[in-house]
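**Student:** So the chains spell out like this:
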Amino acid sequence: MPTPNWQRSIKRREDWEQAAARLQDGELALLGLWGEPGFAHMALMEQTTDACVVLSVECPANRYPSVGRVHAPAIRPERALRDLVGLEPEGLPDTRPWLRHDGDYRFLPAEGESLHQIPVGPVHAGIIEPGHFRFTANGETVVRLEERLGYAHKGVNALMAGASLERAAALAGRLSGDSTVACSLAFAQAVEAALELEIPPRAAWLRALLAELERLANHLGDIGAVCNDAAFAILHAQFGLLRERVLRAADACFGHRLMMDRVVPGGVSCDLPPDGERRLRALVAQVRKDFPDLIEVYENTASLKDRTVGTGILTPALARQYAAGGFVGRASGRDFDARRTPGYAPYEALHFEVPVVHAGDVNARVWIRIREVEQSLALIEQILARLPPGSLACPDGPRSGRDAGEGAALVEGFRGDIFAWVRITPDGRVERCHLRDPSWFQWPLLEAAIEGNIVADFPLCNKSFNCSYSGHDL
Amino acid sequence: MRRLLFKSFVQGTLTEPAPAPDERALAELAARVSQASHRRLGRALSIREVDAGSCNGCELEIHALGNVLYDLERFGLRFVASPRHADVLLVTGPVSVNMREALERTYRATPDPKWVVACGDCARDGGLYAASPACVGGVSKVLPVDLHIPGCPPTPVVLLRGLLALLESVAADARGGGT
Ligand code: SF4
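Chains A and B are the protein sequences, given in the same order. Position 165 of the first sequence, counted from 1, bears residue number 165 in my numbering, the numbering being contiguous throughout. Position 122 of the second sequence, counted from 1, bears residue number 1122 in my numbering, the numbering being contiguous throughout.
Check each hint, because a few of them may be wrong.
Stated by the list, open to error - Here are some, though not all, of the chain A residues that point toward chain B, as calculated from beta-carbon distances under 10 angstroms:
no., residue
1, Gln117
2, Gly121
3, His153
4, Leu241
5, Thr425
Claimed, not checked - To list a few chain B residues with every Cβ distance to chain A over 12 angstroms, as calculated:
no., residue
6, Arg1003
7, Val1010
8, Pro1021
9, Leu1045
10, Gly1076
11, Asp1125
Claimed, not checked - Here are the simulated distance ranges between beta carbons:
no., chain 1, residue 1, chain 2, residue 2, range
12, A, Pro97, B, Pro1111, 29 to 37 angstroms
13, A, Asn138, B, Ser1082, 22 to 30 angstroms
14, B, Gln1011, A, Gly310, 33 to 41 angstroms
15, B, Arg1003, A, Arg279, 24 to 32 angstroms
16, A, Asn138, B, Leu1005, 34 to 42 angstroms
17, B, Arg1074, A, Glu353, 49 to 57 angstroms
18, A, Arg279, B, Gln1011, 19 to 27 angstroms
19, B, Pro1111, A, Gln286, 40 to 48 angstroms
Just so you know, the hints here were simulated from the structure itself, not pulled from any lab data. By construction, the Cβ of each residue, glycine as well, lies at the ideal position given by its N, Cα and C atoms.
Produce the complete structure using the sequences and hints provided.
**Tutor:** Next up, the structure:
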């Protein structure tokens, strides 16, 4: 059950630099970069073998060789690491703070004729999370978008250090509210890897059930929200209704609409009630009945497709360089899904497809979601049909395993792969924990995707990415 | 498309009946709202939502208020894009240090009379993040709060009951206080 293939090694400076060079060459994908006093850590995946490894390098005098110097996706994580832990990345090209907001912030210059700037946020016009977007535009055309994030920074990593497992699990479940199941799952799997815990099969299957319901709810909401940003209200209303039906079914079955705190280290905290299977089957039937009509309207409404086709194109090369997860990567040709690679129970026993397209525009990101809704419905049915009996958690909770250790996990949330790493002390507390939201490697790509588009298409592009602020800001 | 419109037409209204205003919220509001003599607003309030560092869970449920089953706008409650158009600030999150100034400026940009509603357990006292140096720890540390809506996150029904209580109190106060 715990991901078996995470190697762990402490490297010399030269090896660290060599790993950075292999990232630059595209042989490795960066899954995360974080640290603690004295050490910087990096999670990597071999592009060819899919082998995962956590590398660490000692930081004498709090310095280490910057990875962002040669591999741009590491720039923001390194800026954050300096803000949070005080480790100095030697040679990092961007020396500005990232999560710490004190003093003036210098936006990157854009030079040329007739350019003007449009500052947006951190308080936006809609009901969304806080962040700042600085557009430089020539007339209607975006020449440069620069994001400034960190407004939702809550100090999660610092709160994790020294926390009990219960408290840490609650914090993990609130890293990004829309991905509460997936974040809890990533954290729980990392803890189970650290303590060499084997969870009961029923727990693993119930986790997958919760995770697919979460994916379903979010994708339905997102497809409607993209339509809304193209001013097509009827689909927004219809998809909003379907999303609400999923949340109500989740509430009826598991006692919480978003299913917070249901996945815990060692298992799950709730069972499927006696009428749960009937309710969920009815939900699946309802979505199956209504969904195709809505998709037909989406596909056949010229005014809507006019907004989404060809808008906000992300190139496959960038998606690959940033190892962009989820619909952002899969709409730009990156064939990756953490449920399959490295994979975790019970997905090896379930049948599902991972849709991939190459167009990379808003429409492609919508279509990946459409296909994934269909896959999740099928997965929910398979899980309901084959849910194994048995207990919901290890008999003695997390204490059933060994006392202390270190573990990592990669889990597929609706938005993409979530990486979790944790070290547990002998008294059963979290010594250090880092959760890397998929948005870390998607936000920078939004800046690239919007270039050359009109300002009015930004909401559409932004919604099609739907990056997390809270998950990123820690 | 035509099929969808026809189906919407024949299936009748999906919107559900309104829940009763929350008693506890009415009590909390009675003390604050009646102190001031506000000009009559009628039965309508414009709400500006401010995410002051939430996990986004609260926003998801606030969003749900707009779906066809809850249909917030039928009560005269609506979300507006600018604080300058707002009567109410609905604030979520433990107030991250990085959002403090933006929250204060949003409050200052909101014309009087105005009310502040703290939404969710984080907004009440910082919740899970109360001990974090990166958080101020609750909306009332920064702004005068008129009403707390509990929950992590509050469900749409709980949100609706709290907001309806606010609407009732404001309307009653406007009647009692005269113009
Ligand atoms: S109250 Fe709960 S749901 Fe709302 S922001 Fe706080 S942690 Fe998230």
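**Student:** Taking the closest pair, is the beta carbon of Arg1003 of chain B still more than 12 angstroms from chain A?
**Tutor:** violated (6 angstroms)
**Student:** Val1010 of chain B: least C-beta distance to chain A exceeds 12 angstroms?
**Tutor:** Holds, because the least Cβ-Cβ distance between Val1010 of chain B and chain A comes to about 14 angstroms, which exceeds 12 angstroms.
**Student:** Just double-check Pro1021 of chain B for me: nearest Cβ-Cβ distance to chain A has to come out over 12 angstroms.
**Tutor:** holds (21 angstroms)
**Student:** Does 22 to 30 angstroms hold as the CB distance between Asn138 of chain A and Ser1082 of chain B, or does it fail?
**Tutor:** For Asn138 of chain A and Ser1082 of chain B the Cβ distance comes to about 27 angstroms; the hint holds.
**Student:** Minimum Cβ separation between Gly1076 of chain B and chain A greater than 12 angstroms?
**Tutor:** About 18 angstroms separates Gly1076 of chain B from the closest Cβ of chain A, which puts it past 12 angstroms; holds.
**Student:** Given the hint of 19 to 27 angstroms, is the C-beta distance from Arg279 of chain A to Gln1011 of chain B inside that range or not?
**Tutor:** Check passed, 21 angstroms falls within 19 to 27 angstroms.
**Student:** Under 10 angstroms, Cβ to Cβ, is where Gly121 of chain A needs to be relative to chain B, so tell me if that hint holds or is violated.
**Tutor:** Gly121 of chain A check passes; min Cβ-Cβ to chain B is 8 angstroms, inside 10 angstroms.
**Student:** Note whether the CB distance of Gln1011 of chain B and Gly310 of chain A lies within 33 to 41 angstroms or breaks it.
**Tutor:** At 35 angstroms between Cβs, range holds.
**Student:** Check the non-interface label on Leu1045 of chain B: least C-beta distance to chain A beyond 12 angstroms or not.
**Tutor:** Holds: least Cβ distance 15 angstroms, greater than 12 angstroms.
**Student:** Does Gln117 of chain A hold up as a contact with chain B if the rule is Cβ-Cβ below 10 angstroms?
**Tutor:** violated (18 angstroms)
**Student:** Holds or violated: the hint that His153 of chain A contacts chain B, with Cβ atoms closer than 10 angstroms.
**Tutor:** holds (5 angstroms)
**Student:** Is it true that Asn138 of chain A and Leu1005 of chain B lie within 34 to 42 angstroms of each other by Cβ?
**Tutor:** holds (41 angstroms)
Going through the hint list in order, the structure does not satisfy hints 1, 5, 6, 17.
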